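J.: Each chain, written out:
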Amino acid sequence: MALNFFGGAKAAASQTDHAMLEAISRSQAIIEFGLDGIVLTANPNFLAALGYELADVVGQHHRMFVDAAYATSAEYRAFWERLRHGEFDAGEYRRIGKGGKEVWIQASYNPVIDAKGNPSKVVKVASDITGQKLAAAEAQGQLAAISKSQAVIEFNMAGEVLAANANFCQALGYSLDEIKGRHHRMFVETAYAAGSEYRDFWERLGRGEYQAGEYLRIGKGGKEVWIQASYNPIFDLNGKPFKVVKYATDITGRKAAVNMLGMGLAKLAVGDLTSTIDTKFVGELEEVRTAFNETIAKFSHIVGRLRDTSGTLKTATGEILSGANDLAERTTKQAAAIEETSAAMEQLASTVTDNAKRAEQANSKARQVSQTAEETGEVMKKSNDAMERISSSSSKISNIIGMIDDIAFQTNLLALNASVEAARAGDAGKGFAVVAVEVRRLAQSAASASSEVKVLIEQSATEVTSGSRLVADATNKLEAMLAGIRESASLTDSIAEATREQSNAISEVSVAIRQMDEMTQHNAALVEETNAAIEQTESQANELDRIVEVFVIEGGARPQTRSEPARQPTANPNGVKAQQAKVKSAARSYLSNGNAAIKTDWSEF
Amino acid sequence: MAGAALHDAYMDTTPAIVGVNVTNQFVTFTCGDRAFGIDIMKVREIRSWSPITELPNQPHGAKGVLDIRGSIVQVFDLNAMIGGGGGFGSSESGRVVLVVSLKNQDVGLLVDAVSDIIFAHGDDLRPVPNNGSNRSGGTVSGLVKSDDRLIAILDLGELFPSEAGDGQGFF
Numbered sequence: 001m002a003l004n005f006f007g008g009a010k011a012a013a014s015q016t017d018h019a020m021l022e023a024i025s026r027s028q029a030i031i032e033f034g035l036d037g038i039v040l041t042a043n044p045n046f047l048a049a050l051g052y053e054l055a056d057v058v059g060q061h062h063r064m065f066v067d068a069a070y071a072t073s074a075e076y077r078a079f080w081e082r083l084r085h086g087e088f089d090a091g092e093y094r095r096i097g098k099g100g101k102e103v104w105i106q107a108s109y110n111p112v113i114d115a116k117g118n119p120s121k122v123v124k125v126a127s128d129i130t131g132q133k134l135a136a137a138e139a140q141g142q143l144a145a146i147s148k149s150q151a152v153i154e155f156n157m158a159g160e161v162l163a164a165n166a167n168f169c170q171a172l173g174y175s176l177d178e179i180k181g182r183h184h185r186m187f188v189e190t191a192y193a194a195g196s197e198y199r200d201f202w203e204r205l206g207r208g209e210y211q212a213g214e215y216l217r218i219g220k221g222g223k224e225v226w227i228q229a230s231y232n233p234i235f236d237l238n239g240k241p242f243k244v245v246k247y248a249t250d251i252t253g254r255k256a257a258v259n260m261l262g263m264g265l266a267k268l269a270v271g272d273l274t275s276t277i278d279t280k281f282v283g284e285l286e287e288v289r290t291a292f293n294e295t296i297a298k299f300s301h302i303v304g305r306l307r308d309t310s311g312t313l314k315t316a317t318g319e320i321l322s323g324a325n326d327l328a329e330r331t332t333k334q335a336a337a338i339e340e341t342s343a344a345m346e347q348l349a350s351t352v353t354d355n356a357k358r359a360e361q362a363n364s365k366a367r368q369v370s371q372t373a374e375e376t377g378e379v380m381k382k383s384n385d386a387m388e389r390i391s392s393s394s395s396k397i398s399n400i401i402g403m404i405d406d407i408a409f410q411t412n413l414l415a416l417n418a419s420v421e422a423a424r425a426g427d428a429g430k431g432f433a434v435v436a437v438e439v440r441r442l443a444q445s446a447a448s449a450s451s452e453v454k455v456l457i458e459q460s461a462t463e464v465t466s467g468s469r470l471v472a473d474a475t476n477k478l479e480a481m482l483a484g485i486r487e488s489a490s491l492t493d494s495i496a497e498a499t500r501e502q503s504n505a506i507s508e509v510s511v512a513i514r515q516m517d518e519m520t521q522h523n524a525a526l527v528e529e530t531n532a533a534i535e536q537t538e539s540q541a542n543e544l545d546r547i548v549e550v551f552v553i554e555g556g557a558r559p560q561t562r563s564e565p566a567r568q569p570t571a572n573p574n575g576v577k578a579q580q581a582k583v584k585s586a587a588r589s590y591l592s593n594g595n596a597a598i599k600t601d602w603s604e605f
Numbered sequence: 606m607a608g609a610a611l612h613d614a615y616m617d618t619t620p621a622i623v624g625v626n627v628t629n630q631f632v633t634f635t636c637g638d639r640a641f642g643i644d645i646m647k648v649r650e651i652r653s654w655s656p657i658t659e660l661p662n663q664p665h666g667a668k669g670v671l672d673i674r675g676s677i678v679q680v681f682d683l684n685a686m687i688g689g690g691g692g693f694g695s696s697e698s699g700r701v702v703l704v705v706s707l708k709n710q711d712v713g714l715l716v717d718a719v720s721d722i723i724f725a726h727g728d729d730l731r732p733v734p735n736n737g738s739n740r741s742g743g744t745v746s747g748l749v750k751s752d753d754r755l756i757a758i759l760d761l762g763e764l765f766p767s768e769a770g771d772g773q774g775f776f
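Here the protein sequences line up with chains A and B, keeping their order. In terms of the working numbering, the first sequence opens at residue 1 and continues consecutively. In terms of the working numbering, the second sequence opens at residue 606 and continues consecutively.
Be aware that one or more of the hints could be misleading.
As the list claims (entries may be wrong) - Derived DSSO-like pairs: lysine-lysine, alpha-carbon spacing no greater than 27 Å straight-line:
1) A:Lys243 with A:Lys220
2) B:Lys647 with B:Lys750
3) B:Lys647 with A:Lys430
4) A:Lys430 with B:Lys708
5) A:Lys430 with B:Lys750
Unchecked claim - A few chain B residues facing chain A, derived, Cβ under 10 Å:
6) Val632
7) Arg649
8) Ile651
9) Val701
The set of hints was computed from the structure by calculation and includes no laboratory data. Keep in mind the model is a prediction, meaning the values are calculated, not measured. Idealized CB from N, CA, C, for every residue including glycine.
Can you build the whole structure from these sequences, using the hints too?
T.: Encoded structure:
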């Protein structure tokens with residue numbers, strides 16, 4: 001173009017030409033060489049692209065921009081030879097910048113033809129395409145890399161094989177020649193190939209839709225091959241798909257492994273812990289397999305231990321239950337005993353109260369008796385005094401009688417003397433004698449009467465004396481009686497005191513019994529709670545047993561033998577339920593009936 | 606000496622007994638549980654006992670002297686004189702002094718008690734059986750039956766021979 005420009009237009013538009021060059025120079029890297037390849041000049045774009053200063057490159061040969069091996073090659077010499085003959089050269093070139101920096105440029109080397117038609121110099125117009133070049137190289141490298149690891153096959157839109165890489169051929173067992181030009185359906189099952197689904201598959205590819213997934217494919221000799229593949233329609237510049245590239249990975253091993261794992265997990269899901277996988281898995285799935293086996297082994301171990309534990313738990317629950325039953329029995333017995341004790345204490349208390357009353361009565365009686373005895377003593381003393389007074393009166397009477405006696409005696413004597421005088425008087429004294437006799441008779445009567453009285457008085461004195469003695473005896477006896485009564489009163493006082501102490505002690509005992517009663521009630525409630533807890537524990541243990549039964553482990557005892565008591569929990573009379581019912585009813589009856597001790601249903605304890 | 610005097614008196618006064626029974630009344634008394642009687646005419650007075658003043662050297666049976674209305678009377682214990690056994694039946698205070706008249710004087714006889722004055726009618730008066738050797742027959746002049754009982758009548762002359770005989774007595 002520049003050639004035409006220079007050739008056709010001459011000086012007429014030299015000014016315009018120059019301006020155009022300037023414009024080009026602003027966007028493009030431009031460098032000028034002599035025909036011998038020596039740099040004449042370079043614009044700033046070029047210098048910036050390669051990293052040199054203008055002074056660095058002017059006068060230097062072009063070979064400074066290529067690697068040493070290329071500079072010495074015949075090709076390089078031919079390149080310059082063509083330029084010298086006026087032939088231009090254009091393309092992508094690899095050039096070396098300052099410090100060995102690789103720069104890809106798209107350039108044209110244009111020999112400048114002078115007026116005589118001889119080339120005078122070479123102008124090179126270039127642009128830096130290092131970035132594009134690198135991107136292309138990377139894309140290619142990636143494709144190659146994919147091809148190395150993946151099975152790649154290309155189809156045309158009709159489904160016929162255009163190309164396949166070695167990985168693909170190896171995966172399906174074919175050689176490239178065997179499949180090239182054949183339709184894709186040779187890789188699928190015949191039934192599937194005939195179905196609408198397969199047609200639809202290709203139709204969608206034809207519409208340019210991308211397909212990916214895991215597919216079952218048939219290799220050589222009917223071998224089943226699982227692949228993970230993506231079918232990628234490739235579009236032309238108009239956006240129409242013109243071929244399909246399929247990238248596939250052989251996942252047969254993985255698939256098989258996953259299947260086995262799935263089966264193993266399914267067995268695990270139903271509790272079969274014997275399903276270890278002994279076949280080796282591919283790739284990282286081997287780790288999964290070992291992990292699975294370890295898991296199963298661990299589960300098996302855990303389940304075994306769970307079984308043991310649940311068996312132990314059941315035994316322990318049974319022991320606890322029998323202990324709780326014992327406890328319940330004892331509690332009820334204790335409750336009965338406490339009731340009996342309470343009743344006995346009440347009886348005892350009433351007896352003691354009666355005793356206290358009786359002691360009080362006895363005491364008051366004794367006081368009364370004592371008072372009466374003291375009064376009697378007073379009466380005795382009075383009667384004694386009376387006796388003494390009688391005695392003194394008697395003695396006075398005796399004196400008087402003595403006097404009377406004496407008077408009678410004297411009278412008798414006087415009468416006797418009168419008689420004597422009368423006798424002496426002879427006949428004259430006869431009448432007087434009669435009187436004297438009468439007087440004497442009177443005197444004798446008086447004397448005999450007085451002696452009778454004397455006898456009586458003496459007798460009375462004797463009687464009084466004996467009466468006094470009797471009274472004194474009675475007084476002594478009364479004194480003794482009083483002492484006895486006092487002693488008895490003090491004894492009854494002691495009895496009353498002892499009874500009070502007894503009563504206090506009994507009330508303390510009653511308090512203690514009440515406390516015991518409350519404790520027993522608490523115990524009963526506790527026993528009930530315990531039994532409820534045991535019931536829960538028992539059902540939990542059974543539940544645990546059932547859960548554990550689900551698992552099948554190697555060398556494990558049959559679950560049926562372990563859970564035998566759990567199979568018929570209601571039929572067993574000594575079973576948990578029955579025992580608990582017993583305990584519950586006992587506890588309830590105790591709690592509701594305060595004086596249940598007298599109830600007949602307690603006799604069975 | 607007194608025994609000799611009694612003996613003498615008995616011997617001397619035997620014939621005098623018969624002439625004494627003038628009134629046939631006797632004062633009976635007890636002395637040493639025995640009942641005796643004395644002719645009432647011989648009795649001067651009956652006294653109750655009073656303390657006796659004792660004298661030294663008295664004759665047998667004498668107790669002492671009493672002042673009876675100004676005259677001194679000698680008192681004899683009859684029980685001691687007639688040889689009664691059993692001693693004193695009662696205390697001296699209950700006893701009685703019989704004042705009897707002898708010929709010249711009065712004497713007191715201390716006896717236990719005066720019982721009665723009895724009348725002896727006819728055959729109530731009996732003689733004392735005389736066997737010659739019984740000395741008591743001298744002092745008893747007779748026996749009087751009274752209420753189925755025989756009471757010895759004492760002969761004062763025999764009892765006090767000196768006084769009864771000559772009347773000189775001890776004075």
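J.: All the hints need checking, so say for each whether the structure fits it.
T.: Verification of the supplied hints:
Between the alpha carbons of A:Lys243 and A:Lys220 the distance comes to roughly 24 Å, so the proposed pair stays at or under 27 Å and holds. For the hint linking B:Lys647 to B:Lys750, the alpha-carbon distance of about 20 Å falls within 27 Å, and the restraint holds. With a CA separation close to 18 Å, the supplied pair B:Lys647 and A:Lys430 stays within the 27 Å bound. At roughly 26 Å between alpha-carbon atoms, A:Lys430 and B:Lys708 fall within 27 Å of each other, so this suggested pair holds.
Between A:Lys430 and B:Lys750 the alpha-carbon distance is near 22 Å, which keeps this suggested pair within the 27 Å criterion. At a threshold of 10 Å, the smallest CB-CB gap from B:Val632 to chain A is about 7 Å, leaving the interface hint in force. The beta carbon of B:Arg649 comes within 8 Å of a beta carbon in chain A, closer than 10 Å, and the hint placing it at the interface holds. Look at B:Ile651: its Cβ gets to within about 5 Å of chain A, closer than 10 Å, so that hint holds up.
The criterion of a C-beta within 10 Å of any C-beta in chain A is met by B:Val701, whose closest approach is roughly 7 Å, and the hint holds.
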